[in-house]
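**Q** The task is simple: from the sequences and hints, build the whole structure.
Protein chains: 2
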Amino acid sequence: MSGANATRRSVVLKSRPTGEPGAEHFAIREDAVPSPGPGEVVTRTIFLSIDPYMRGRLREQQTYAVAIQPGDVMIGETVGEVIASACPGLSPGDVVAGPRGWQSHCLAPGASLVKIDRAARAPLSAYLGVLGMPGTTAYAGVTEVMKPKAGETVVVSAASGAVGSVAGQIAKRAGARVVGVAGGADKCRFVTEALGFDACIDHRSATMAADLAAACPNGVDAYFENVGGAVQAAVFDLLNRHARVAMCGMVSQYNDAVFPPGPNLGFVVGKAVLIQGFIVSDRPARFAEWRAMAAPWVADGSLVFREDVVEGLENAPAALGGILTGRNFGKLLVRVGHDPG
Amino acid sequence: MSGANATRRSVVLKSRPTGEPGAEHFAIREDAVPSPGPGEVVTRTIFLSIDPYMRGRLREQQTYAVAIQPGDVMIGETVGEVIASACPGLSPGDVVAGPRGWQSHCLAPGASLVKIDRAARAPLSAYLGVLGMPGTTAYAGVTEVMKPKAGETVVVSAASGAVGSVAGQIAKRAGARVVGVAGGADKCRFVTEALGFDACIDHRSATMAADLAAACPNGVDAYFENVGGAVQAAVFDLLNRHARVAMCGMVSQYNDAVFPPGPNLGFVVGKAVLIQGFIVSDRPARFAEWRAMAAPWVADGSLVFREDVVEGLENAPAALGGILTGRNFGKLLVRVGHDPG
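Protein sequences appear in the order of chains A and B. FYI, our numbering numbers position 100 of the first sequence as 1570, with every residue one higher than the one before it. FYI, our numbering numbers position 103 of the second sequence as 1573, with every residue one higher than the one before it.
If you are wondering where the hints come from, they were derived from the structure by calculation, not from laboratory data.
Quick list of in silico lysine-lysine cross-link-like pairs, DSS-like style, CA-CA up to 25 Å:
#: 1; chain 1: A; residue 1: 1741; chain 2: B; residue 2: 1617
#: 2; chain 1: B; residue 1: 1617; chain 2: B; residue 2: 1741
#: 3; chain 1: B; residue 1: 1741; chain 2: A; residue 2: 1741
#: 4; chain 1: B; residue 1: 1617; chain 2: B; residue 2: 1642
**A** In structure tokens form, the structure reads like this:
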């Protein structure tokens, strides 16, 4: 149990990375654990989520968010235990999930947090992955943009990752033939054997585009885009008329200072293709909707997920670097404190 | 009045153009005017429509249609007078619009044709432009994809053309600020003064991108894309969050053997942009809906359109070449025969 005299550790941005971010771009700052003001709670962090979108917040130029400035605490979703509360409805010992930061202890408005129902029998970490922002992102992209029909062919890139693994499993539940793209034989095997995708293509293969074409003999009706680059080009070449592309991310270029040219968009006209960018934070209502739908699937094991847990807050910067190049295998988390059980 | 002994002239493809199409790629074939089989009618062509999509049909590779083969009659929409009918409901003297070909006389299923109500007081040519396929295309793109709201900024490329001129006027009726892009001072003046757009940028100007940015101080909420290329890049740089792009055409590249690279699509994710290709022939119900809505606006002069009429079927190939490089000014038509009045 921490109190006003305990120490809070925070990871703050030291300098903006120009390529892959790492420990050298961040510093650990220590100060006292704060006390909550009216409506606020203080939590002790149990898990911190590491997600590709975080790389974008390190850029000076932003499209929809506020840039992290040097000296700022890095942002991120956490699961934590309430240790002090000035918010009705939240008490010490409650476990909550929500947007906070890379900190051992977080001060946050209670209204921004979701209290975790431990009776749902899902592990706490799931609320940052399959039941959290990544899972809800997958749910929104599949149901609002891809809208797969039974028998259609769906491709999902970064298929073993936190978002892609869920997107493909939802598309399978809709009756689609689902082809994943992942990096390396181990991930591809996981995608077909554990997640139940119909096929998975290794994007590191020199024959990736031909392999993908062979796995999609009827073309591609919907694509869940997480990576951009050569995979995007290969999938776009296979799109059928009236294909739908859910543009969730383009992680292959997040470390690039200047983005490479993209596809000529003539095919969008000729094939009447839909390309839809979406940001899950625009859809706050979907979070609870998805959590309620998917928690039983997590509990009964029918929605499969895999986690990659890094130990210790100080290793969060290197973990972020790794997720951008695919060194993680499954939903990437940092364990900051113990699960109170 | 023609009959079974009259001569039919047809423009047939001689060889596939590799760049701009012209007379050298086509031949005139003469034969006898046919007689209609059951359900068919024969029409004497009055106007032939020339549209950018026709260039695509000359390519060997097709996305949604059937390629014109050397020796085939070139396809196109016409307005014509029925001279022989074996179709109940259509009689000699009726004037009809519909898909036929580059011919002095066309044999067509009566069911594929729309009988023109001369009491609507719209000129016959309008049924190939503002009330025909181009007008319906504009209507579909604005109402189904762009969905402009009052006060939003809408950009329309090829703004003086058959589709763009209608798209912008519909967006104005919805209360949007509408900025056109057109080629040359005369077209830009027409777009603002006659069509009533709020501004029009000359895409031939060396400062086009800066001019467009200055005309869109609040960014761009919706874009009606007809041209591609540098104009597309300039508009995409100005798109706001949740912008909608109606992908109707990319005429600037229709003569290219190899298409140039396109935009990096990172902005689609970050700004949650919608890019939607659409083909009006997928929406047969919209034709009559638009015609009924817009015919009164044509009759009362509140929906402005401009036509560019080329005389003589033999000049259709050069006219097609011209529309791809913007030599026309307004809806491009070929006058093949007289209006029976």
